[in-house]
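My request is simple: use the sequences and hints to build the entire structure.
These protein sequence lines are chains X, F and H, in that order. Per this note's numbering, the first sequence starts with residue 22, numbered consecutively. Per this note's numbering, the second sequence starts with residue 22, numbered consecutively. Per this note's numbering, the third sequence starts with residue 22, numbered consecutively.
Please note that a few of the clues may not be correct.
The list treats identical chains as interchangeable, and a pair is accepted whether it falls inside one copy or across any two copies.
To be verified - No farther apart than 27 Å at their CA atoms in a straight line, the calculated lysine-lysine pairs in the DSS-like style are these:
id: 1; residue 1: Lys54; residue 2: Lys85
id: 2; residue 1: Lys54; residue 2: Lys390
id: 3; residue 1: Lys329; residue 2: Lys85
id: 4; residue 1: Lys31; residue 2: Lys479
id: 5; residue 1: Lys31; residue 2: Lys95
id: 6; residue 1: Lys382; residue 2: Lys543
id: 7; residue 1: Lys95; residue 2: Lys473
id: 8; residue 1: Lys95; residue 2: Lys329
id: 9; residue 1: Lys382; residue 2: Lys54
id: 10; residue 1: Lys95; residue 2: Lys54
Please keep in mind that the hints were generated in silico from the structure rather than gathered at the bench.
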Amino acid sequence: LGRVLRPYLKTCAAPLQEAARAASSIFLCGSWKTGALLCAALLFMPRYFVFAMSACVLGGFIAKLMQLPTAMRKDGTLLYNVFLSALAVAWITRGSTLGLAAVWGMLGVVTVYTLLLSAALWHWFPLRAGLPPLSVAFVVSFGTLLTFFPHWAASTTLLDMGLPEEPALPFVATAFLRSMGTILFLPNVWAGLAVTLAVLMWSRVAMINAIVGYAGGILIVKLLEGCGLHWLGWFAGHNYLLAGMALGAVYFVPSWSSLALAFVAGGVAALHVAAVQHFLRGSGWEYLPLPYLLTIWSLLCCLRLREKPGSLLPTAGVFDNPEAAAAALALANARFPHRHETHVLLPTAREVTVTQGFDDKLSHRGEWKHALDFEVHDASGNACPPGCDDDLSRYYTQGLEVRAPGAGEILRVVDGVADNAPGGCNFASNWGNHLILRLDYGGIVKLAHFMKNGILVKTGQRVGAGELLGYCGNSGRSPVPHIHLHNQVTTETGAPTAPFCLTNFFIRSADGVRWNFAGVPKVGARIAPATVSTTVLGTLAHLAPGAATY
Amino acid sequence: LGRVLRPYLKTCAAPLQEAARAASSIFLCGSWKTGALLCAALLFMPRYFVFAMSACVLGGFIAKLMQLPTAMRKDGTLLYNVFLSALAVAWITRGSTLGLAAVWGMLGVVTVYTLLLSAALWHWFPLRAGLPPLSVAFVVSFGTLLTFFPHWAASTTLLDMGLPEEPALPFVATAFLRSMGTILFLPNVWAGLAVTLAVLMWSRVAMINAIVGYAGGILIVKLLEGCGLHWLGWFAGHNYLLAGMALGAVYFVPSWSSLALAFVAGGVAALHVAAVQHFLRGSGWEYLPLPYLLTIWSLLCCLRLREKPGSLLPTAGVFDNPEAAAAALALANARFPHRHETHVLLPTAREVTVTQGFDDKLSHRGEWKHALDFEVHDASGNACPPGCDDDLSRYYTQGLEVRAPGAGEILRVVDGVADNAPGGCNFASNWGNHLILRLDYGGIVKLAHFMKNGILVKTGQRVGAGELLGYCGNSGRSPVPHIHLHNQVTTETGAPTAPFCLTNFFIRSADGVRWNFAGVPKVGARIAPATVSTTVLGTLAHLAPGAATY
Amino acid sequence: LGRVLRPYLKTCAAPLQEAARAASSIFLCGSWKTGALLCAALLFMPRYFVFAMSACVLGGFIAKLMQLPTAMRKDGTLLYNVFLSALAVAWITRGSTLGLAAVWGMLGVVTVYTLLLSAALWHWFPLRAGLPPLSVAFVVSFGTLLTFFPHWAASTTLLDMGLPEEPALPFVATAFLRSMGTILFLPNVWAGLAVTLAVLMWSRVAMINAIVGYAGGILIVKLLEGCGLHWLGWFAGHNYLLAGMALGAVYFVPSWSSLALAFVAGGVAALHVAAVQHFLRGSGWEYLPLPYLLTIWSLLCCLRLREKPGSLLPTAGVFDNPEAAAAALALANARFPHRHETHVLLPTAREVTVTQGFDDKLSHRGEWKHALDFEVHDASGNACPPGCDDDLSRYYTQGLEVRAPGAGEILRVVDGVADNAPGGCNFASNWGNHLILRLDYGGIVKLAHFMKNGILVKTGQRVGAGELLGYCGNSGRSPVPHIHLHNQVTTETGAPTAPFCLTNFFIRSADGVRWNFAGVPKVGARIAPATVSTTVLGTLAHLAPGAATY
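Next comes the structure, spelled out in structure tokens:
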């Protein structure tokens with residue numbers, strides 16, 4: 022028998038896993054195991070389980086037929102609105118006198134319609150509105166269904182669904198657990214407990230944010246009640262906790278700031294609940310998670326207007342759970358404190374000494390403080406052999422090959438300025454012979470004080486990283502030959518400088534030579550470019566703890 | 022008299038043709054002759070004709086004054102909402118006791134407002150929502166009018182408009198023809214018949230899709246009625262048939278799949294009719310084609326989410342009617358089966374032999390199966406003169422000029438790898454000397470196994486089609502000199518390959534030489550580039566049936 | 022005491038100025054002085070003043086905490102919705118029995134929510150809808166508040182607010198001034214007069230447009246009343262005058278056309294008022310400036326669809342007031358009549374004679390009329406020394422250096438066509454040796470009739486302005502050596518030409534040499550490029566009246 026059944030079981034496994042992922046997507050969670058537990062919680066009402074699974078199988082089949090994106094089908098994105106709609110159909114028809122054919126026909130129509138709408142909105146929303154559609158397809162299709170059958174909407178407040186009797190708990194705990202259960206149309210403490218445990222298995226941080234969001238919602242409920250407003254605030258608790266979970270843990274990396282956001286989100290959701298209930302009173306739509314959607318959309322848009330992210334950072338990338346996102350961020354901050362800055366390579370192949378650093382005494386000041394000067398010194402720290410201070414050509418840096426600090430395009434070249442005698446300065450031509458290079462990966466770099474006619478590249482030319490750009494000289498405001506390097510905010514000559522850091526270089530010290538992934542060397546540091554592949558080192562750097570030492 | 026009238030007639034002809042095009046636009050049809058027939062059908066109610074023509078003349082004048090796009094004015098896009106609004110005004114004021122001035126004032130205000138709104142939405146919708154606005158301006162302006170005058174909305178269900186008495190037909194036929202007439206506010210079998218004939222003159226396929234869409238709508242009406250829902254499903258038939266026609270024949274190329282889509286569209290439109298009637302009951306908006314708009318928008322968005330178009334292809338370009346779109350697609354498929362692939366020219370000017378094809382035994386396998394190897398062979402099929410197998414320089418392919426297979430930009434150049442002795446292979450450097458070229462018209466092409474220092478181009482350089490890139494050699498994993506050509510999905514070295522085909526080349530066979538517009542030659546084929554202009558041949562190829570033979 | 026208070030006063034000054042800017046933003050005016058006067062007008066109801074200032078301080082603090090853009094906070098964009106909401110709260114709670122804590126709690130919640138929503142919409146609207154959000158955040162948050170407390174909405178029509186007794190004025194004047202006051206929730210003639218004076222201080226043109234917009238609105242009110250429609254048209258006057266002011270003076274540069282637009286805008290706003298009042302009757306939303314928003318959005322979109330701006334130009338840039346915008350436009354039109362055309366430099370460094378101009382007799386005709394031919398002539402106007410007509414090499418223009426008329430990219434180069442003997446023409450190759458150059462600042466320029474092998478640049482190459490492109494010859498349809506220059510609409514060979522003008526050149530006449538910023542020289546003009554910096558001259562040109570003479 023097993024032999025006969027196995028292929029059928031395999032065929033069934035895929036849609037069941039898709040259904041589990043659909044269930045987990047309701048909580049914005051990507052773990053199908055949590056989804057499986059949520060599906061198991063549906064067994065409080067076996068009718069729910071059967072309807073949800075049937076809808077997912079039908080929905081998956083139609084999605085395949087229509088060649089909707091495989092990834093969206095598999096990760097539950099497309100099907101979770103279908104899943105919710107199926108639960109909704111199971112819920113409103115639970116005490117109905119309708120025939121089996123009518124009920125299953127309704128389930129079929131609702132499933133197909135929800136799937137089509139879900140696909141339409143998953144195309145439209147991210148592309149056109151720049152917002153996640155979340156469960157809006159469910160809200161629209163089920164809201165419409167409630168509009169058709171207003172007497173069902175009227176019966177939705179009745180909680181006598183044959184669910185297990187509830188234990189005596191503090192009112193707040195009962196309300197919270199019921200709200201958890203309500204998300205799966207199971208307004209019952211035991212069901213809510215099952216859902217809570219499933220979510221906890223996935224992420225404790227998410228659950229904390231849910232509780233904080235709920236608290237924020239209840240605070241506003243109390244406040245509005247104090248103003249004499251009567252409404253179904255308690256019933257709509259799922260909006261507060263989902264809003265708290267989504268904004269405090271999923272869309273933003275968990276932190277104290279995001280916890281505060283979860284609280285605010287719960288409060289805003291409560292305001293939206295009150296508004297929606299007044300506008301749509303009696304239409305059945307007042308039970309739907311529309312306030313949750315409005316809250317997510319308005320707060321996401323609001324936070325995108327910020328000038329600086331501060332301590333509230335949007336989650337970048339896909340993580341197992343909020344904890345993993347926070348851990349990844351913390352690790353990245355610890356390992357690569359400079360990673361948001363422009364990265365440039367040392368613009369020479371030789372070992373050089375930093376003779377002026379960031380915000381330094383001489384000329385790297387004010388708006389032009391993010392700049393570095395480099396010279397070649399001998400072992401004794403001299404810029405030229407002793408007694409040759411007057412002979413420009415004896416300076417080690419004169420004629421030094423200057424190389425591109427990254428791939429990019431040459432935006433401007435000024436050449437033809439004469440080299441100064443040692444100690445002299447040309448104040449008429451501040452930068453002397455110089456070039457501006459826009460790096461492909463960000464940054465507008467200026468390299469200055471080239472030798473007269475010492476620049477080999479032309480405006481508009483593309484250069485690769487490390488490509489020879491020209492030869493260092495002593496032109497412009499330069500008493501001794503040196504390379505001036507800075508990063509600037511616009512392409513104009515004289516634009517203010519912007520932070521940057523050198524990448525993939527060695528610093529020589531008394532202890533030996535130490536490799537740096539990125540950093541800004543101090544004055545006097547003797548540094549040299551690491552000639553090994555940045556790709557290899559970048560990859561290794563992710564694996565090994567601490568900074569690599571040569 | 023004729024002499025006196027002629028200039029006036031000419032001045033009148035333009036707005037009348039614009040009105041005809043406006044009428045045809047209601048059915049998404051670009052033929053002004055069909056529009057003229059539809060206008061003629063208005064003569065069932067001469068009042069309609071006068072109102073519609075007056076509104077089009079006024080609307081056209083204002084559009085000109087405002088310098089709205091000439092093309093949109095002429096093709097009916099801007100005026101068809103005005104046309105419909107004028108019919109609507111004629112309809113609701115048909116039995117009114119309002120004075121002439123009030124009626125014509127209302128017509129004027131509605132015309133101007135509808136035109137302004139139509140222009141606003143034709144700017145906003147395609148640009149911001151990525152969707153066709155269709156008749157949304159009419160819906161909003163006429164819906165508002167009905168809101169102002171609710172007693173008119175109440176009288177809209179009365180069908181006693183003085184239209185000719187209807188013949189005894191089966192109920193479904195009566196309902197369908199009435200729905201056809203309703204689009205022009207003429208809910209009468211005879212008027213519907215006139216409209217039907219006008220549409221049939223334009224396209225029989227469109228009419229079939231209208232009928233199928235209508236059937237889909239009626240099916241859902243029956244189903245919802247089976248669930249106990251009572252509503253005006255029959256009255257809203259124009260939504261089903263317009264949705265079927267639009268999606269089954271106009272927005273998608275007619276095919277069996279699009280016929281199925283028309284059926285689904287009719288059903289979805291019926292669901293939207295039910296929803297709109299419940300939400301807007303008593304406001305007058307329930308008679309408006311809002312469900313048709315919602316259906317088009319949601320299904321268009323839904324189908325745009327698909328990964329692959331399959332057999333349901335969006336109509337590309339402007340055609341006389343759906344039949345012409347289907348014919349053009351069928352012709353294109355028959356003539357240019359490779360037209361969706363990347364097209365590359367043979368990367369040499371010589372006749373070469375294909376020594377390894379797609380998905381071939383040696384190394385073009387798995388993810389790297391879309392690749393071709395070329396060698397120069399003599400008439401006997403040898404790669405070098407007999408007995409010279411050990412002398413690399415005697416191989417015909419060694420030093421062969423390799424030319425750009427299309428215009429584009431050089432993304433990567435690797436040079437300096439030594440050539441192998443014949444029979445040798447350099448497994449340390451798989452590709453030997455090679456380059457990657459991004460083609461302007463799509464495709465990322467790799468050419469490999471150049472001679473040491475044999476590449477003449479640099480990273481970042483632009484090359485034209487046929488430009489000399491370098492000389493073939495025997496570097497990398499290459500036992501005998503050959504050109505390796507493939508197309509890859511990303512710019513990374515080692516990225517999987519993607520399908521492509523050669524274009525504009527000759528294949529020599531026993532029967533002579535045959536020209537190919539595009540194709541993937543088989544192993545052993547002797548091929549040579551066609552040196553004549555691709556523009557000329559491409560143009561000729563469209564005209565002449567069959568493939569050109571040299 | 023002053024010493025102790027000074028730092029506190031300084032801390033208070035910033036939020037007070039922000040509040041003044043918020044007040045001025047209501048009238049789309051950027052002057053904080055007008056805003057301060059409007060705030061002073063609030064003192065008719067000291068409660069209003071206190072509420073508005075408190076909300077602005079709280080809102081400014083939260084905006085800072087959230088790192089919302091400093092500029093938007095300072096210019097009133099973010100806070101003016103908060104300002105209006107605070108007035109609204111002061112208004113609806115003016116006669117309420119609610120405790121102080123409830124009222125101030127409500128003010129706090131409304132302020133925070135309005136700020137969040139305002140930020141969300143200022144991110145979303147411009148980016149996604151391409152429209153200004155204006156006061157939509159206020160409409161939504163206050164509309165929701167009215168929905169919560171419908172009895173307040175009912176009391177909003179009562180005008181007995183303890184405002185000063187009104188003087189006996191003509192009905193229209195009373196209505197207009199009340200509408201002006203209503204914007205600050207002060208429906209009283211004296212308050213309206215104060216607001217009017219504040220706006221007049223900023224701009225008389227804006228006030229004229231407000232009056233014209235009001236007139237347009239009242240016309241439609243009368244018209245609809247003539248059709249038997251009863252509604253609160255008079256009450257909603259602020260919509261008409263704000264719409265007139267916004268479209269007639271702020272979004273478009275004031276002109277006779279914009280005055281007409283203000284009239285239309287007032288009328289459209291009245292239609293929207295009627296529609297909104299019917300749709301939202303009894304919800305409280307009918308008193309909100311939603312019709313004003315709908316009017317701005319629909320007319321802005323409508324006018325953006327225009328093909329040509331005509332005399333109704335959108336305001337470009339930020340100006341002190343509409344008068345300044347109109348003056349700046351008038352000055353620019355007078356000084357730079359060619360500024361909307363493509364600007365090209367003379368493609369040579371020598372003085373040349375224009376031998377064929379725009380729309381000229383020989384070959385610059387029809388679609389190719391925007392073209393110029395240049396030759397070098399001697400002082401007597403000869404193209405070569407007398408008697409040398411047969412010797413091509415003696416023509417002054419033969420071998421002339423042709424220089425890039427602007428920075429850009431070479432799109433096409435055709436070279437290798439033989440030079441004609443003098444007097445000959447090569448009809449097989451119309452353009453002879455030529456190149457097409459896409460200018461970075463717009464324009465696709467063709468330069469034709471180069472010497473055989475006389476083009477020095479390659480396809481795909483970037484060139485700077487004035488860079489040497491090649492040497493003039495006598496190839497193609499050219500009987501004597503000359504440079505042909507035109508600007509074309511697409512990159513195709515043979516594409517129609519488009520208007521352009523030469524920039525920064527001298528014209529020599531009997532009176533001397535005159536510098537031209539831009540212009541199209543006539544046939545026979547002797548012109549030479551100005552070699553001085555265009556930046557310097559462009560800057561000077563803005564300062565000095567009239568055209569500079571050399």
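Hints, one by one, checked against the model:
1. Lys54 - Lys85: Within. Shortest intra-copy distance 23 Å satisfies the 27 Å Cα cut-off; inter-copy 42 Å does not.
2. Lys54 - Lys390: Neither: 53 Å inside a copy, 37 Å across copies.
3. Lys329 - Lys85: between (43 Å within a copy, 11 Å between copies)
4. Lys31 - Lys479: neither (64 Å within a copy, 53 Å between copies)
5. Lys31 - Lys95: within (15 Å within a copy, 60 Å between copies)
6. Lys382 - Lys543: within (13 Å within a copy, 59 Å between copies)
7. Lys95 - Lys473: neither (63 Å within a copy, 49 Å between copies)
8. Lys95 - Lys329: between (36 Å within a copy, 17 Å between copies)
9. Lys382 - Lys54: For Lys382 and Lys54, neither the intra-copy (60 Å) nor the inter-copy (43 Å) Cα distance is at most 27 Å.
10. Lys95 - Lys54: within (14 Å within a copy, 50 Å between copies)
Consistency with the previously given hints fails for numbers 2, 4, 7 and 9, ordered from lowest to highest.
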